[in-house]
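If you read the sequences in order, they're chains G and S. So in numbering that gives the first Met the number 0, spot 73 of the first sequence is number 72, and the numbers just go up one at a time. So in numbering that gives the first Met the number 0, spot 218 of the second sequence is number 217, and the numbers just go up one at a time.
Derived by calculation from the structure, the hints in this document are not laboratory data. It cannot be assumed that every hint is accurate.
When chains are identical, the list treats them as one kind, so a pair holds in a single copy or across two.
[As the list claims (entries may be wrong)] Here are the simulated DSSO-like cross-link-like pairs (lysine-lysine), alpha carbons at most 30 Å apart as the crow flies:
#  : residue 1 : residue 2
1  : Lys-112   : Lys-136
2  : Lys-147   : Lys-12
3  : Lys-147   : Lys-112
4  : Lys-1     : Lys-112
5  : Lys-76    : Lys-112
6  : Lys-196   : Lys-12
7  : Lys-101   : Lys-112
8  : Lys-12    : Lys-76
9  : Lys-249   : Lys-12
10 : Lys-147   : Lys-43
11 : Lys-196   : Lys-249
12 : Lys-267   : Lys-249
13 : Lys-101   : Lys-249
14 : Lys-76    : Lys-267
15 : Lys-76    : Lys-101
16 : Lys-1     : Lys-76
17 : Lys-196   : Lys-136
18 : Lys-267   : Lys-101
19 : Lys-112   : Lys-196
20 : Lys-267   : Lys-112
Number of protein chains: 2
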Amino acid sequence: MKRADLVAQIRAKQSYLCVGLDPDLSRFPPHILELDDPVFEFNKQIIDATHDLCVAYKPNLAFYESLGIQGWQSLQKTLDYIPDSHFTIADAKRGDIGNTSKRYAAAFFEQMKFDSITVAPYMGADSVQPFLEFEEKWVILLALTSNKGSQDFQFLESNGQALYEQVFQTAAIWGTPENLMFVIGATHPEQFQAIRKIVPNHFFLVPGVGAQGGDLAAVSRYGMNSECGLLVNSSRGIIYAGNDDDFAQKSRAVALNMQQQMASLLEKYAI
Amino acid sequence: MKRADLVAQIRAKQSYLCVGLDPDLSRFPPHILELDDPVFEFNKQIIDATHDLCVAYKPNLAFYESLGIQGWQSLQKTLDYIPDSHFTIADAKRGDIGNTSKRYAAAFFEQMKFDSITVAPYMGADSVQPFLEFEEKWVILLALTSNKGSQDFQFLESNGQALYEQVFQTAAIWGTPENLMFVIGATHPEQFQAIRKIVPNHFFLVPGVGAQGGDLAAVSRYGMNSECGLLVNSSRGIIYAGNDDDFAQKSRAVALNMQQQMASLLEKYAI
């Protein structure tokens with residue numbers, strides 16, 4: 000997908016919501032578990048209930064891998080079901096030596112036809128570059144993550160800059176705002192303003208709103224740019240809003256509430 | 000697998016060789032491509048030809064993922080075929096927030112029954128911890144990688160220590176030498192001596208000998224400890240030594256040569 004198409008979709012829907020599709024059988028409504036492919040059926044109902052409110056879907060690969068071959072089949076069916084209008088993110092956090100990253104890129108972009116993949120930065124340029132060589136496909140690089148462990152290495156200072164700042168600065172020239180985004184956790188709103196100075200034009204994928212406690216208003220205030228520049232993800236907060244027959248309606252209610260907040264924020268900041 | 004069993008195997012075979020199983024159809028001998036499951040047939044012949052010379056096998060997941068569901072089936076068959084005596088490494092470089100890393104751990108340790116998995120350090124303690132909670136299973140943490148991109152972030156200095164040194168120091172207390180190893184590329188032999196002072200007892204998984212140019216003698220001289228403490232991997236150098244009917248014999252010849260060098264080095268350093 001082209002950046003312009005993503006921005007147009009955000010404006011049309013007044014939403015920069017990404018819904019995380021992280022299927023956890025132990026949290027599924029009982030009636031879904033009785034179906035042939037519970038993971039796909041669950042995802043299908045979530046997609047039906049939210050697609051007009053969100054611009055992106057983000058399956059986290061761990062939840063499918065842990066189900067073995069059946070999980071990969073459910074993932075492929077889910078991807079085929081997501082409307083073409085939506086930006087798809089393989090939350091896979093891959094990255095390896097160049098020769099090997101090429102294979103992951105083929106798996107996610109050619110085999111599975113995702114629009115984008117999350118990639119870990121630790122192994123440097125040649126581990127990321129192979130993913131950037133596909134037209135209209137995106138790398139979403141981990142920079143400042145939402146979890147507690149982000150404190151362990153990402154804030155280490157070197158030459159007056161934290162490691163995560165070096166990741167933004169160094170990686171910004173590997174790709175362009177047309178094929179590279181960054182992950183920044185919503186749990187670090189105080190860092191967004193300084194980060195925007197390093198990378199004013201790139202999109203950010205922001206996890207950590209919802210179950211992890213991040214604040215949508217603060218993230219939007221400090222993180223938006225003139226083309227919105229944000230995809231804010233919620234997974235558990237939306238998809239497990241209910242666990243009964245009406246789970247999809249409950250998911251829709253949470254997604255609608257987020258979309259309405261986003262519409263206000265887009266208006267407030269005149270995007 | 001227990002550390003003691005791994006060490007006993009190294010002593011019995013006089014080898015600390017790990018063979019990387021990275022199937023690349025474009026490099027397969029033509030007669031293998033005609034079989035029903037070329038990836039499994041290729042791996043099977045490599046395993047038959049090398050199992051008495053090596054102590055570990057390391058499939059890199061990217062090569063299987065890029066083949067879709069068929070790739071996962073070939074991987075599972077390969078794993079089932081590897082003798083129980085051998086240490087198995089899922090070279091997957093995974094790592095995510097705790098809730099998600101748990102899923103990856105289930106996928107690789109319970110579903111696929113690998114002995115170990117490579118994990119990326121960038122997201123910190125809570126992304127690694129879930130993998131350490133399985134008995135007789137191992138985390139192999141990326142610390143100093145073999146590729147050119149290792150220069151981008153891993154050598155950044157903070158408080159007088161390079162990032163990769165901080166990874167060794169910080170992570171060494173997350174696990175023990177009984178469930179945690181580190182990846183160090185053979186392309187950095189000059190760093191091994193200082194690293195051994197930080198983590199004297201842990202095993203190192205050392206890629207980069209062979210196709211990537213690392214030197215086995217230098218790695219062994221500076222990296223060995225009293226229980227060997229090394230698993231040296233070769234992938235392309237062994238499995239693509241030939242690409243004709245006799246490819247497996249050619250692989251065996253390269254593996255045998257490495258094993259013989261390793262036997263000498265184990266004797267030299269009185270392991």
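Lys-267 and Lys-112: within-copy, between-copy, both or neither at 30 Å Cα = Cα proximity of Lys-267 and Lys-112: none, with 35 Å in one copy and 53 Å across.
For Lys-196 vs Lys-136, is the C-alpha pair at or below 30 Å within one copy, between two copies, both, or neither?
-> Answer is within; shortest intra-copy Cα gap is 25 Å, inter-copy 44 Å.
For Lys-196 vs Lys-249, is the C-alpha pair at or below 30 Å within one copy, between two copies, both, or neither?
-> Neither: 38 Å inside a copy, 56 Å across copies.
How would you label the pair Lys-112, Lys-136 (within, between, both, or neither) given a Cα cut-off of 30 Å?
-> within (9 Å within a copy, 34 Å between copies)
With 30 Å as the alpha-carbon cut-off, assign the pair Lys-112 and Lys-196 to within, between, both or neither.
-> neither (33 Å within a copy, 46 Å between copies)
Lys-76 and Lys-101: within-copy, between-copy, both or neither at 30 Å Cα = both (24 Å within a copy, 24 Å between copies)
When no copy is named, should Lys-147 and Lys-43 be tagged within, between, both, or neither for a Cα gap of at most 30 Å?
-> neither (32 Å within a copy, 43 Å between copies)
30 Å Cα threshold - placement of Lys-12 relative to Lys-196 = Intra 28 Å, inter 57 Å, cutoff 30 Å: intra-copy only.
Have a look at Lys-76 and Lys-267 and pick one of within, between, both or neither, based on CA distance no larger than 30 Å.
-> neither (38 Å within a copy, 57 Å between copies)
First find the shortest C-alpha distance between Lys-147 and Lys-12 inside one copy, then the shortest across copies, and answer within, between, both or neither for a cut-off of 30 Å.
-> neither (33 Å within a copy, 43 Å between copies)
Measure nothing new, just compare the shortest in-copy and cross-copy C-alpha distances for Lys-267 and Lys-249 to 30 Å and report within, between, both or neither.
-> Result: close within a single copy only, 27 Å intra versus 68 Å inter.
Please work out whether the CA atoms of Lys-101 and Lys-112 approach to 30 Å or closer within one copy, between two copies, in both situations, or in neither?
-> both (15 Å within a copy, 26 Å between copies)
Going through the hint list in order, the structure does not satisfy hints 2, 10, 11, 14, 18, 19, 20.
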